[in-house]
Amino acid sequence: MTAAPAPGGTALAAPPRSGARRLRLRRGLIGWAFLAPLLVLNVIVVLGPSLATVWYSFTDWSGIGPAKFVGGANYVRAVTDPAVREALLHNAIWFVLFLFVPMALGLLGAHLINQVTRFRMLYRTLFFIPYVTASVINAAIWKMLLSPDSGIGHTLGIDQAWLGDPKTSLYAVNFVVDWHWWGFLAVIFFAAMQGVDVQLYEAARLDGAGRWRQFLSVTLPGIRPTMIFVVLMTIIWSLKAFDYIFIMTHGGPANSSDVVSTLMYDQAFNQYSAGYAAALGLSMTVIVGLVLAVYQFLRRKGWEE
Amino acid sequence: MTGPSLSRRRLLSSVGLLGAGAAVPSLLTACGGGGGGSAGNGTGTVKLWIDITGDANQQYFTDKVQGGFEKAYPKITMKTTYYKGQDLRRLVQTALQSRSGPDIVRGPAATQTMAWSKAHVLADLTPYAKKWGWNGKLAEWAINAFTVDGKLYALPMRVDTMLLYYNKTLFEQKGWSKPQNRSELEEFAKEAAGHGIVPFGSSNTDWAAASEWLMTVFWNNVSGPEAVYQALTGKAKFSDPVFVDAVTLLKSYFDKGWIGGSVAKYFSVPAAEVGANFGKGKVATVPQGEWYMSNVGQFFGSKAGNDNDWDWMPVPPLSSSVQPNTFPIGIGGSFAINQASKNQDAAANFLDWYYGDKSAALGRMADVPATYNIPITFSDSDIPSRIDPRAKRVLTSLNTAIDTGNYGYVTWTWWPPKSDTFVFQGLEKVLTNKMTPAAYCKQLATLFDQERQQGTIPKLMPRGAAK
Numbered sequence: 001m002t003a004a005p006a007p008g009g010t011a012l013a014a015p016p017r018s019g020a021r022r023l024r025l026r027r028g029l030i031g032w033a034f035l036a037p038l039l040v041l042n043v044i045v046v047l048g049p050s051l052a053t054v055w056y057s058f059t060d061w062s063g064i065g066p067a068k069f070v071g072g073a074n075y076v077r078a079v080t081d082p083a084v085r086e087a088l089l090h091n092a093i094w095f096v097l098f099l100f101v102p103m104a105l106g107l108l109g110a111h112l113i114n115q116v117t118r119f120r121m122l123y124r125t126l127f128f129i130p131y132v133t134a135s136v137i138n139a140a141i142w143k144m145l146l147s148p149d150s151g152i153g154h155t156l157g158i159d160q161a162w163l164g165d166p167k168t169s170l171y172a173v174n175f176v177v178d179w180h181w182w183g184f185l186a187v188i189f190f191a192a193m194q195g196v197d198v199q200l201y202e203a204a205r206l207d208g209a210g211r212w213r214q215f216l217s218v219t220l221p222g223i224r225p226t227m228i229f230v231v232l233m234t235i236i237w238s239l240k241a242f243d244y245i246f247i248m249t250h251g252g253p254a255n256s257s258d259v260v261s262t263l264m265y266d267q268a269f270n271q272y273s274a275g276y277a278a279a280l281g282l283s284m285t286v287i288v289g290l291v292l293a294v295y296q297f298l299r300r301k302g303w304e305e
Numbered sequence: 001m002t003g004p005s006l007s008r009r010r011l012l013s014s015v016g017l018l019g020a021g022a023a024v025p026s027l028l029t030a031c032g033g034g035g036g037g038s039a040g041n042g043t044g045t046v047k048l049w050i051d052i053t054g055d056a057n058q059q060y061f062t063d064k065v066q067g068g069f070e071k072a073y074p075k076i077t078m079k080t081t082y083y084k085g086q087d088l089r090r091l092v093q094t095a096l097q098s099r100s101g102p103d104i105v106r107g108p109a110a111t112q113t114m115a116w117s118k119a120h121v122l123a124d125l126t127p128y129a130k131k132w133g134w135n136g137k138l139a140e141w142a143i144n145a146f147t148v149d150g151k152l153y154a155l156p157m158r159v160d161t162m163l164l165y166y167n168k169t170l171f172e173q174k175g176w177s178k179p180q181n182r183s184e185l186e187e188f189a190k191e192a193a194g195h196g197i198v199p200f201g202s203s204n205t206d207w208a209a210a211s212e213w214l215m216t217v218f219w220n221n222v223s224g225p226e227a228v229y230q231a232l233t234g235k236a237k238f239s240d241p242v243f244v245d246a247v248t249l250l251k252s253y254f255d256k257g258w259i260g261g262s263v264a265k266y267f268s269v270p271a272a273e274v275g276a277n278f279g280k281g282k283v284a285t286v287p288q289g290e291w292y293m294s295n296v297g298q299f300f301g302s303k304a305g306n307d308n309d310w311d312w313m314p315v316p317p318l319s320s321s322v323q324p325n326t327f328p329i330g331i332g333g334s335f336a337i338n339q340a341s342k343n344q345d346a347a348a349n350f351l352d353w354y355y356g357d358k359s360a361a362l363g364r365m366a367d368v369p370a371t372y373n374i375p376i377t378f379s380d381s382d383i384p385s386r387i388d389p390r391a392k393r394v395l396t397s398l399n400t401a402i403d404t405g406n407y408g409y410v411t412w413t414w415w416p417p418k419s420d421t422f423v424f425q426g427l428e429k430v431l432t433n434k435m436t437p438a439a440y441c442k443q444l445a446t447l448f449d450q451e452r453q454q455g456t457i458p459k460l461m462p463r464g465a466a467k
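Heads up: the protein sequence lines correspond to chains A and B, in order.
Using full-length UniProt numbering, the letters of the first sequence correspond one by one to residues 1 to 305.
Using full-length UniProt numbering, the letters of the second sequence correspond one by one to residues 1 to 467.
Simulated from the structure, these hints should not be mistaken for laboratory data.
So the derived label-pair ranges between C-beta atoms look like this:
(1) Thr126/B to Val54/A: 36 to 42 Å
(2) Tyr171/A to Ala438/B: 27 to 33 Å
(3) Pro241/B to Val136/A: 41 to 47 Å
(4) Leu216/A to Asn306/B: 56 to 62 Å
(5) Ala134/A to Val148/B: 40 to 46 Å
(6) Lys442/B to Ala140/A: 35 to 41 Å
(7) Gly405/B to Ile137/A: 47 to 53 Å
(8) Asp449/B to Val54/A: 31 to 37 Å
(9) Pro127/B to Asp159/A: 57 to 63 Å
(10) Leu122/A to Lys71/B: 54 to 60 Å
(11) Pro127/B to Phe175/A: 55 to 61 Å
(12) Val46/A to Asn306/B: 52 to 58 Å
(13) Ala140/A to Gln173/B: 30 to 36 Å
Every beta carbon over 12 Å from chain A, so not counted as near; a handful from chain B, in silico:
(14) Glu187
(15) His195
(16) Trp353
(17) Asn399
Predicted model, so just to flag it, every value in this text is computed and none were measured.
Idealized CB from N, CA, C, for every residue including glycine.
Go ahead and model the full structure; you've got the sequences and the hints to work with.
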């Protein structure tokens, strides 16, 4: 909005304002020029596929050749598909286990390292190795270790086929994923614990607090922001679970370890229903969005403080 | 300016295709100059993506196939990229959809390759077939499987069948003879299991589709090839009792612990472990495809730490309607040419070289057991003497089966894509008691009818002697 020029003073006042505006404009353009390559790349790699996925979710596309528009049929199918319901239930089980087991183990591990004064770096490294090892390698090794004919169980005299039994397959894979994740959390929590003021511990000790009370009343409140961050990371990770399940069981046997992402892959590349797979993918995106919205809502309500 | 330019329409269509995660290669190809020649030039670089695994096998392909071709065609350079099995179909399909990818397309089963053809991503090979007389060089039944409406869209890559591998040394030690019928097979299985030996080693841990190998065996050896043919042509239903009986029998073998040791072990013991146990004599037999012949040797002999030896036998007839020495036959994969290739003539030159030189092709069959068994016509006397006698017996047995009409049908060639997938995925539900054999067959029949009506079944090998 431009202000009305003052009588007799217009010619003097206008040039500096116009110059500042031009300068701001030029700076803005330079900024956008630097940003442009990244934006173009983002549009091609992120926005393009996202929009295409939305489109394909409304088609009966087989994954190759032309796609036929079918409206919301894929979404209707997803709501009524028993396989999706089963996979969602597995996602929920996975979510609960993945949220609590590695968190509990990570906190315990960090607390224990925090107590010792020697070899801390060694423990941290050992805890971190599973996290930095490629999932395909972890999964392949654990596949052998869980073999009922030659794995750890067999050596101990238990020939349970953990990955082959529909009752245990999901939990067996989840165990491996928890094993790979908890060490990372332990290192993160340990780093956070290093930042807690030692005077608080001294004060707690003077008040007669034992180790457990110190952990509950000093350590946990002290690392709360880190814990909130880790919870968010864990939620996102658990909802996009795919690699370990795909490598270790392919979602089987008989869909017993299928989650929505593996079901989606199966629909796209084995069942030739890429349109339906796109609809499943978008549905999961909505679910993740809802979870994140709840998280943000709780944050604003002061959950984090 | 040389090389193809990136038109606005091409750019927009490529961006639209990004949903498949596939257009980046397309764009790069468009920008980079494609294959370097024209479709009619017959020179330049030819790209091939293939799923040959193992260092020795890849080296053989590089030296003898790629190297042999480049020697014969000095103006063509072949660039081979090796991938691991299951990923390749997904990668190739994604690349084809984005109008990029290799020049020579290593396709999956006949029905799936047909789906690619219907999507117009494969070049019509008919003119090349006429030019070089491929129809006379390849077996008619095999080339028919890749012909739709008179147009040839791919060439068959390997003749597939199912065999029963057995630990020859173990059989000799135990005094077991090769079972000739169902009662002898079950007697053998009972005795082996009694000794703590797994009668039939099998696992689908590394390859989910391994279950369809078993269904191929049971439908062809219990229901019989004639019944399978009737169902594939729509004159019978896969829900008929004769097919349900085969599934029921297979499940009963699983429930007795005869296959893989148990259902749960079948789903969890890695294939390499099954092979190791086979070599050690903890597993007596392994029902597997002829391709297993290129791997099975690693589990036997001094390198594997045992003194055992292996051999194979045909799966015995498991009902009175099946003749002895019946072999289910099909095609393992295909070679086609990418419709978007800028170098189609050069790619076609490779196909002509690969299929056209009978002597060289038979040499490859002799050098690497089962891997290069392309369906060309040859007599038993054409087979080089250096071939492993067990591999030779596969070739001669298949020739006899085809000449006498004593053959069946493998699921991965003659079943349409969704039905084929259901064959192995549905069987998991049967084995884990989530579905009855009757319900499984009924669902298969429904699915098969739908796909048959869509015309996704290749031209079948007729009953009687084939060519």
